[in-house]
Every structure is written in structure tokens, then in C-alpha cells.
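Novice: The primary structure of each chain is shown beneath.
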Amino acid sequence: MAAAFLLLPVMNGDYLYTIQDNSVFIKGRTFMVDMVSHYGGWVTWLSCYLTQFFYHPWLGSTLIILLWLALHLLTSWLFNLKGKWSLIAFILPLLLMFNLLDYGYGIYYAKTPGFAFQPTLLCGFVIAGASLVKGFLRLLKVHWADHPITSGLLCALFFALSFTVGTWKLDNHRSAIITTLTDKNFKHEMKMYRALDDFDFEAVLNEMTPSTTAQPHNHTTAPPTNLMVLYKNIALMHTGRITDMFKTDNCGINPYKQDTTGIHISQLGAPLIYYQFGQINYSYRWAMENSVVYGQSFRNLKMMARCAIFNQEFDVAMKYLALLKHSIYYRKWALEREAWMTNSTLFIQHKEFQTISPLLHEDINQLDNDEGRCEKYLLDHFSDLRRPTSSLLEDVILCLSLWTEDGYAFCIHFYEYVQNHPNETIPPLYQQGAILYGNQPDAPITTTGFKFDATVSEQYNRFAEQYNQLSSQNLSPEEMAARMKPTFGDTYWWYYYFYTDFTIY
Amino acid sequence: MKLNKFLSIALAAVLLAACTHLTVPDNAKQEARLPRIYPDYTEVTIPCNLCPINFAVQEGASEVVAKFTCPDGGEYIYGEEQNVLIDEVEWLHILKASKGESFQVEVFAKTGDEWKSFKPFNVYVAEDSIDSYISYRVIQPSYVAYEMLSINQRNLTNFDEKEIYNNMAVSTEEVGQCINCHSYKNFKTDNMLFHMRQGLGGTMMVVNGELRKIDLKTDSTISAGVYPAWHPTKNFIAFSTNKTGQSFHTKDLNKIEVQDSESDLILYDVDKNEVSIVSNMPDELEVFPTWSPDGKKLYFCSAHFEYKNDSVSKETEMIQRYQEVKYNLYSLDFNPDTKTFSHLDTLYNAAAIDSIGKSVTLPRVSPDGRYLLFAQAEFGCFHVWHSDADIYMMDLQTREVQNLKDVNSPRSESYPTWSSNGRWVMVATRRDDGNYTRPYIAYFDKQGKTHKAFEVPQKDPNFYTFFLRSFNRPEFMIEPVTVTPQEFTKKAKEDAVKAKFAK
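Chains A and B, in that order, are what the protein sequence lines are.
Note that the working numbering has the first sequence beginning at 1, numbered continuously upward.
Note that the working numbering has the second sequence beginning at 506, numbered continuously upward.
Please note: incorrect hints may appear among the correct ones.
Computed from the model, here is a short list of chain A residues facing chain B with C-beta under 8 Å [as the list claims (entries may be wrong)]:
1. 28
2. 29
3. 279
4. 282
5. 289
6. 311
7. 319
8. 365
9. 367
10. 369
Here are the simulated DSS-like pairs of lysine-lysine, each with C-alpha atoms no more than 30 Å apart in a straight line [as the list claims (entries may be wrong)]:
11. 756/B to 325/A
12. 27/A to 964/B
13. 756/B to 351/A
Label-pair distances were calculated between CB atoms; the ranges are [claimed, not checked]:
14. 582/B to 73/A: 49 to 57 Å
15. 532/B to 315/A: 32 to 40 Å
16. 814/B to 386/A: 17 to 25 Å
17. 73/A to 749/B: 57 to 65 Å
Bear in mind the hints are in silico, worked out from the structure with no lab data behind them.
Just so you know, even glycine gets a beta-carbon here, dropped at the ideal spot from N, CA and C.
For reference, chain A alone in the conformation it holds in the complex (with noise of 0.2 Å):
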């Protein structure tokens, strides 16, 4: 039991957190008609139920190691194993446990509803009924109860009863326990998601602080994924030092290069992300189709229910926070926004808005696509806006240009900032940025007129000459850029000319 919990909510708290936020489960009839009415439904509502519990990584937890300790207790007596036999009875539990820890990234993808909790009750139900009717048998003096084959066929009897009451066709989803317990980037992603959905940007930050000593080329510990690097820049760019992203690590790696079809940004945090970018429709469409296709989450629902709201869709969103009320540990969070609908004052005021709607671009309307590439959507579609209408959407645009390697959108966005801000510092970042793309073949920009610091263009001075003197030495890529990096690592022209692995997932 100590190693279960030290594996659970000690260990995995993180994944079992998300494994619940994934999942919903909501009081009231039509909730439970509509589970029940699926073949085996029944089942499937219970494990929502208390899937719930999650929310509290030490309360669910508690839930299913109990439910472990009984089937390891009603396994002993149905098949009288006693002693050290009875240690045998534990490997069903431990089956289970592992079946639970086994999902990594597939937690994002499962599509039967409480996967968490529904093998444990099937298998409570196969030996919790073989026990009773074992104990029928005794009270019947019958003498072959307590024979262990009679034992073995009142679990195969009850196995095949249980069919009738859940199923056991869970989701086919690639062993990853090793991903679970030992992927930090996978506990890193959960916890600035959780952070990120709070609105606590300095703990975003904080999570990403492990790995900022890493970076490609050398690496002491595992570099950040694309999805680290990206919750990174939306707390970077919500806390007023987006133009710190290249000082920071912003070199991301893509969690399973050889399996790039299996996990997508889409599922893992796009209608969050949208939102946090202000892009409210994609936000909800992205919380939409995640939940037809995965299932409905409270996840899903807190999203769909922010962007009714901000869209001013209350009726819509009304429903949503209907449903949410109806649960046991998202009821505050729904009656804090109901509240919102009724008095707006409150929610202009609130961190939330304020927050995003610097960045509501209010007069586009583009009608597009986003293939399902949220990253990639997102850094074409700011480093194409023009005229942007806040400060912050100022630098979201150039920021995200430079990101991007657009530096085409990033000289028009430079000239227009320089000459919204005539008598003010071209903050270093742009600077690096305009030498740049001011000394490419074909330059989209000129370096003459503006008025850069005599450091910047110093520094960029020594970044070419250090590069054309390792270069004239024959090294490679990954030795030039470890040679550099203690010196210009921080700076965006380390990033555009060593950083060549930015993948799209």
C-alpha cells in the first residue's frame, strides 16, 4: 500500500490530476441516462464517478488502492491462499496499477470515459460476485465450495456476466509506463497546463526552470518539448517579457520524433493556448472537438464556457456552467463566472480579461484554416497581422515573427514599431532581429537610420566573426554552436542559426 501510494499521488499526482480533468462526471439524470444507454454504461458512469476524485490525487487514490486491498483480500478467500500464498493475490492489483500508470500521453487520447477506474471495477465485480456466490455455497454447506476450481469457475461465470455490465474493450493505446514515471518534460507539460489554466504565469515559469540550462546541442539534462517552450512564451508574454523568449530556453524538441502521428498540441493544450492567445473561436473549436472525438472533460467544458463568455455567448455559456455546477469540484469556478454574466464589471476587472483582451485583435474577422497545427497557426497568424491595436500585441506580433524566422513580417512590423515609438529605445531583442535580417543576402531591411546601440551592434560584430572563424574550421553544426553558445546563447541570432529542429506536432 506505501509503495502504491508513494507511486500514485506522491509520485503521479500530476497525471492523476489531469487523468480527472480529462474526464467528467456530472450529477442528475440525463448524465447518467445518457452514459447507461451505451453498452456498458453502467460501469463506465461508476469510474466517472470516481474518477472525480482525482481531483484530489491523494483522495482518488486512496479510493482505488481500497478497492486493490479489497480484491486482494476477496482473491485470497475465494481461492483460499493463505500465507505466503497469498502474496499471489497481489498481482492482480498490481496488474491494475500498472494498466493505470501505463497511458503516458495517451491520457490525452483515451475515449472510454473513467479508463481510470473501470478495469478495477470489472474486476470487482468478476471476483466481488464469485465470492458471493462462494459464500451461498458455504452457507449451503455445499462441499465443494470451497474447492479452488469451483472458485475458478465462478470467476469465469462472472466474467462473463461482467460483459453484460461494462466492457472490457479499453483503449488500445502504446505501453507507456516508462513515459509516466520517468518522462519529467510529461510532468513539466502537466503542471504549466494546470499553472497556465490558473493564470499563475510566475509558476509556468518556475516549472520551466529545470530545463533552461539544457539546450540542443548540450545536454545535461533532456531540453524542453515545443509545448514547454510554448506555455513558456505565454507566460513570458503575460507577464511584460515576451522579448526575453530567446534568453530564456526556446528551443523545444518535438516529446516522440518517431512517432510524430501520436500526440498533437491539438489535444494536449490547444484550446487553452487559443485562448491565452486571445484567438477565442479557435479556443472553442479545439474544446469542441477534442471532447467529440476524446469524450466531454471538465476540461473542455471550463474552455468552452470561457470563450461563451468572452464572446458574450451566455446563453450558451449558462449551459456549460450548468453543467460544471453539477459536479462536485468545479462548482465554485461556474458560480464565479455565472456571476460574471450577471454583473460584467466583475469580469472586466478580473485577472482573465484582463489579461487577454490586450490582444483581441477587434476589427479582423479571417475566415481560415488551422490544419490542426495550433503552433504553427498561431506564429503565421500574428506575424501576418498588421496594425496591431495594443502595445502588447505590438510585440506579440514581432516576437512572434522573429519565432518564426518570417523575416520579411518581422522588418514590416520593425519599421512600423520604430516609427509608432520615435524617441524611445528599440528594446535589444528588435535590434538583434533588424541586424539580422539587415545583413542577410536579399535584405528586406536596411541597418542605416535607426538608432541601435553601439553593444548590439558590437556583439552582433563578434557573433559573425566567431561563426565565420568555426566555420572556416570545418566544425559541425552542433560543435559550432556549443563553442558559442557560453557567449551569444542568449541572444536570437544563437537561436536562428543553431536552432534547427523546430518541429510541428
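Given chain A, work out where chain B should sit, using these hints.
Specialist: Leaving out everything else, chain B in the frame of chain A:
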């Protein structure tokens, strides 16, 4: 002995509870307004064979009571927490006693220790009955993704609902299946169809009770059959063929545009398994065929659209100019014996309305052939996603068009359809919340006037609030579909028979 005693006490308790009857509070404070109830059944006209109109009282009360008073003086009182749930047997008495007249409903709500009574409202019970069944596709209002879809049939005289077909019966993790466009010949189910797309694709047809799976795509047509219309007397089905795409609004609350970059009309001869072209005019996007009740006219919509930019694909240009696509209403004469079409008539030039024009979709002719319902919005062909879409009606004798204000709301109304007796109009509307489509029904009296629309009742009046799926394409049927889901599933797994193209 102890067990007997316990059972006796329990039985007495149950009987006592059963004998407890609701009473109307006699000291209620009177409110001069109507109560807020959902669904809204105030001052509506309902068919004489409808199921009970259970409703929730949305007054923030801890307890509610509603008194139903019939023309014969009969009184019935209901109330269960915030809901008014009507006894199904007593409901039959209420309908019978009120047929051709109305019953009155007075609602009482308790807030704190105080009871309030609200202005009573009437519910009119028409002499006319309604078709016993409707069917609809149950789908989440998603954009590109889909997973579980079903076509269900609902008995309107009670609350029974059954699946006609559920795509999950054949969908796999790798290949899903979309189902759509269920359609019936003359409101009966011995001739019906629906489409299956992607996995195990084909058009599932029931022809005189016999199940068939047909592939309507030919080398000479741009797609398989899409929007269908059964000919009322012959074994023909008119379809549109469409190349459909979707794109997304970044800010507009309509959120999505569904557009046809190409579309034509075809006729499928069921007996010969042959497809022929009805209309494939250049620069015209023909769609939504529907027959007159005598089968001698085919009504349809078409948008004139000339592609001008060779440097981009048709789909891209369509997205760029999406607001220019305006559909008009046309008819073609049809000779069922020779299977020939003639005389194109422009019934309604919607594109010329005002200075900006309108767009007409989804025409449906009344069973007596006199009226034609359609949906109208500013542009485009997919009005379920257009919040400005409303239902209009054309008098085919005078060609006058009127907005059916009793049927419409500030939100999207689309997919109008008639009951078999022409006395009831059903629409798919998003009036409840703007996002989830619900079936609403309105009485259409002999004078050609529509009455206030009401939502199809559910046993649990809060059902629609908590149900996160839409009811698309509601259709009337006079009888249930008798082919079982299992039979459809078995047929779905077979290869589709290819239709031939006839020049």
C-alpha cells in the same frame, strides 16, 4: 412475525405517500406577469395527440405547483421540486377535454416561505393531430471532427426514442463513419434512405422494405448523392452532388462557413440503378432539390458564382468571396413518364433583395402544394451556422413571401419541414442557446397562419439543458422505421452496388 410487521409498516408508509396529493396554495401573492418556464409552452397551440408538455419553472423557487384547468372544469395539479411533470394518463384526459379549445395553466412558486402565483396562460389544443414520429440525427455541434452519431426516431405521442442507426456499430479506431441526410418517401418508412460516408461508405436505401446499399458516385458526377428528395409517385430520387469544404472564422460568432465550391443536381432511377444529370449549368451551384406533391415540379436552390481568379484554387476563392454566394429559388417542370425536365422558372430572386441580397436554402413544399417553406439568410448554403437565418414561406399561388415571425427567433432557424397533413411545421433552431440545434414545432392553421413554435417535449424538462448534442434535420414520419439497427449494420458491412450513369 417481525418481518410481517416491518412489511406492514412499509406498505402503510407507501400508501400514505401515494395518497398525499398536491394542493394549490391559497395565500399566494399574485404576480402580474407570466411565469418563466422552460420549455416555453405559454400560449402555444399543440396537437391533440402530443405527449405531456412537462416543463421547469425558472423562478429560483424551492417548490412549484401548477394547476391545469380544462374547459370541462377538470382540474389537475402537478409539481415536483422545480418541475411540472404531468401524469401521462391524466394528460390524455386533459387533451381530450381541451381538443379544439384550450386549457389554462396557473403556476405557483415558493421562494423562502412565500408563495407567488403568476398570470395564468393558455395552451390551445388543435383539432389536428401530428404525425406520430419524427427522426433526427443526434450529433455534437462540432466542426470537422465527429465520433458518435446516430439517427434516432422519437414517438411524439409519448417519450419513446429509439436508434435507427448508430455509426459506432461499424466505426473503428482507424476509420470512422459519418451518417447523414435521412429521408423518407411520402412520410412513410418503407422507402427511405440515409448516407454513410468514409468507412463503409454508401447510400443506405430501403426500397419497398428491401435494404440496399448503393454507391451513387459515378465518373460523370462530381460526388455521390448528397441532399435527397424522393419523388412522390415514381421510384426516382433527386439528389444534389456537392464538393463541400469548411473554414473557420477567427472572430465572427457564426464560427464556421460550410461552402460548396461545386454542386449539381442528379436524378437517381431506383429501379434501373441509374444516375442522370438534372442540372449542371456552368457558374451555377445547384442544391437542395425538393418535389411538388404531384411530382410534376422540382424545386431547388442555385447560386450564380463565377470564379475569377485562376491563381488560386476554387476552394480558396470560395473562401475569399464567401459573402458573395447567394442562392435563389428555382423550379423545373418534370414529366414523370418521360423522365424529362423543362422550363426553368425563377421563383424567388433572393440575390436581388435589397442592395446586398439574400440567400435561400432548404425549400420544402406543403403537402397540398400551396406553400413553400425555406430558410433565408444573408449568404451561403449552410444556414444552421448562420445566426441570421430565418424561416420564410412563399404562397405558390401569389408568390408572396412572408417571414414566419412566430417560428423565428434572433438565432438560427433552418431545415423547415411539413407534417403529412400540412398542419404542423417543424424547424431546427438554435434559439435556446445559439449553439445546440433543437426541434421546434408550430401549428399552421387552415387560414395559412403559423402559431407560436414550441420545443418538442421531453420527459425531463431539463433534458435539453444538460444534453450536449444537436438534433439535426428533423423529419416527420407517419410510422416508425422497422428495419432494425442490426439489419442496417449488417448491410453496411457489405460492398455498395455501383450506380450506373445514364446520359
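Novice: Would you mind marking each hint as holding or not holding in the structure?
Specialist: For each hint, the structure was consulted:
{"no.": "1", "hint": "28", "in the structure": "holds (6 Å)"}
{"no.": "2", "hint": "29", "in the structure": "holds (6 Å)"}
{"no.": "3", "hint": "279", "in the structure": "holds (7 Å)"}
{"no.": "4", "hint": "282", "in the structure": "holds (7 Å)"}
{"no.": "5", "hint": "289", "in the structure": "holds (4 Å)"}
{"no.": "6", "hint": "311", "in the structure": "holds (6 Å)"}
{"no.": "7", "hint": "319", "in the structure": "holds (5 Å)"}
{"no.": "8", "hint": "365", "in the structure": "holds (4 Å)"}
{"no.": "9", "hint": "367", "in the structure": "holds (5 Å)"}
{"no.": "10", "hint": "369", "in the structure": "holds (5 Å)"}
{"no.": "11", "hint": "756/B to 325/A", "in the structure": "holds (28 Å)"}
{"no.": "12", "hint": "27/A to 964/B", "in the structure": "holds (18 Å)"}
{"no.": "13", "hint": "756/B to 351/A", "in the structure": "holds (22 Å)"}
{"no.": "14", "hint": "582/B to 73/A: 49 to 57 Å", "in the structure": "holds (53 Å)"}
{"no.": "15", "hint": "532/B to 315/A: 32 to 40 Å", "in the structure": "holds (35 Å)"}
{"no.": "16", "hint": "814/B to 386/A: 17 to 25 Å", "in the structure": "holds (22 Å)"}
{"no.": "17", "hint": "73/A to 749/B: 57 to 65 Å", "in the structure": "holds (59 Å)"}
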